[in-house]
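Peer 1: Let the hints inform the model, and build the full structure from the sequences given.
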Amino acid sequence: MVDFQLPQVVQSLKAQAWSDEDLLEALNSLEEGLKDNIKKLSSFDKYKQEVLLGHLDWSPMHKDCLFWRENITNFEENDFQILRVLITVLDISNDPRTLAVVCFDLSQFIQHHPSGRLIVADLKAKERVMKLMNHENAEVTKSALLCIQRLFLGSKYASFLQA
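According to UniProt numbering, numbering within the sequence shown proceeds without interruption in unit steps and concludes at 163.
Don't take every hint at face value.
[As the list claims (entries may be wrong)] With a Cα cut of at most 30 Å, we get these calculated DSSO-like pairs of lysine-lysine: (1) Lys124 with Lys63; (2) Lys48 with Lys35; (3) Lys46 with Lys124; (4) Lys142 with Lys124; (5) Lys14 with Lys63; (6) Lys46 with Lys63; (7) Lys14 with Lys46; (8) Lys48 with Lys126; (9) Lys63 with Lys142; (10) Lys46 with Lys142; (11) Lys63 with Lys126; (12) Lys142 with Lys131; (13) Lys63 with Lys48; (14) Lys46 with Lys35; (15) Lys142 with Lys48; (16) Lys63 with Lys35; (17) Lys131 with Lys63; (18) Lys131 with Lys46; (19) Lys124 with Lys48; (20) Lys35 with Lys14.
Derived by calculation from the structure, the hints in this document are not laboratory data.
Peer 2: Following this line, the structure appears as structure tokens:
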């Protein structure tokens, strides 16, 4: 709903001069419902939903350091389920943007989780990401390189590619 700018559409419709009171009441009700939904759907819930669908895009949360710092422990839920799904997406997706985002997200996990390097290595992601270093899409290659750098060097030393 938020991704499709529905709150802005409702605001725009409310700003128009409507003579139908029922319509205005419905718009107010819709606006309140949207506000409640937005509050309930945290950024990690949105992220989790995106990962489980297997189609990731460059939404702001992927590059937001605050998102990663605040939610890094959420990745530990259900024996790292979200991380496992991310790694599986590397095998099943052919979409270059999705592959680039997954590699970038893995590098973010490595950077922000105290044991990120070990966890990602234990889940056998290294081989999958290394295959993408020769991908025909430059965005995928760059994200894969960043991920491998952080996997080998750690976040402290592997930062020059992230710009």
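Peer 1: Could you run down the list of hints and mark each one as holding or not?
Peer 2: Hints, one by one, checked against the model:
Restraint check: the Cα-Cα separation between Lys124 and Lys63 comes to about 24 Å, which is no more than 30 Å; the hinted pair holds. Between Lys48 and Lys35 the CA atoms are separated by roughly 20 Å; this keeps the pair inside 30 Å, and the hint holds. A distance of roughly 26 Å separates the Cα atoms of Lys46 and Lys124; the hinted pair therefore holds under the 30 Å criterion. Distance check on the hinted pair: Lys142 and Lys124 sit about 20 Å apart at the alpha-carbon level, within 30 Å; holds.
The straight-line distance between the Cα atoms of Lys14 and Lys63 is roughly 34 Å, outside the 30 Å bound, and the hint therefore fails. Only pairs whose Cα atoms come within 30 Å are accepted, and Lys46 paired with Lys63 is accepted, the gap being roughly 14 Å. Restraint check: the Cα-Cα separation between Lys14 and Lys46 comes to about 27 Å, which is no more than 30 Å; the hinted pair holds. Taking the CA atoms of Lys48 and Lys126, the gap is near 22 Å; set against the 30 Å cutoff, the hint holds.
At most 30 Å may separate the alpha-carbon atoms for a hinted pair to count; Lys63 and Lys142 meet this at roughly 14 Å. In summary, the hint linking Lys46 to Lys142 is supported, as the alpha carbons are separated by about 25 Å, within the 30 Å threshold. A C-alpha spacing of about 21 Å is found between Lys63 and Lys126, which places the hinted pair at or below 30 Å, so the restraint holds. Between Lys142 and Lys131, the direct Cα distance comes to roughly 13 Å. Compliance with the 30 Å bound is thereby established for this hinted pair.
Restraint check for Lys63 and Lys48: satisfied, since their Cα atoms lie roughly 15 Å apart, inside the 30 Å limit. Between Lys46 and Lys35 the alpha-carbon distance is near 15 Å, which keeps this suggested pair within the 30 Å criterion. Among the hinted pairs, Lys142 with Lys48 is consistent with the structure: their alpha-carbon atoms are about 24 Å apart, no more than 30 Å. For the hint linking Lys63 to Lys35, the alpha-carbon distance of about 25 Å falls within 30 Å, and the restraint holds.
Proximity of Lys131 to Lys63 is assessed by CA-CA distance (about 23 Å); at most 30 Å being required, the pair is judged to hold. With a CA separation close to 28 Å, the supplied pair Lys131 and Lys46 stays within the 30 Å bound. The straight-line distance between the Cα atoms of Lys124 and Lys48 is roughly 21 Å, inside the 30 Å bound, and the hint therefore holds. A threshold of 30 Å between alpha carbons decides the hint, and for Lys35 with Lys14 the separation of about 15 Å falls inside it, so the pair holds.
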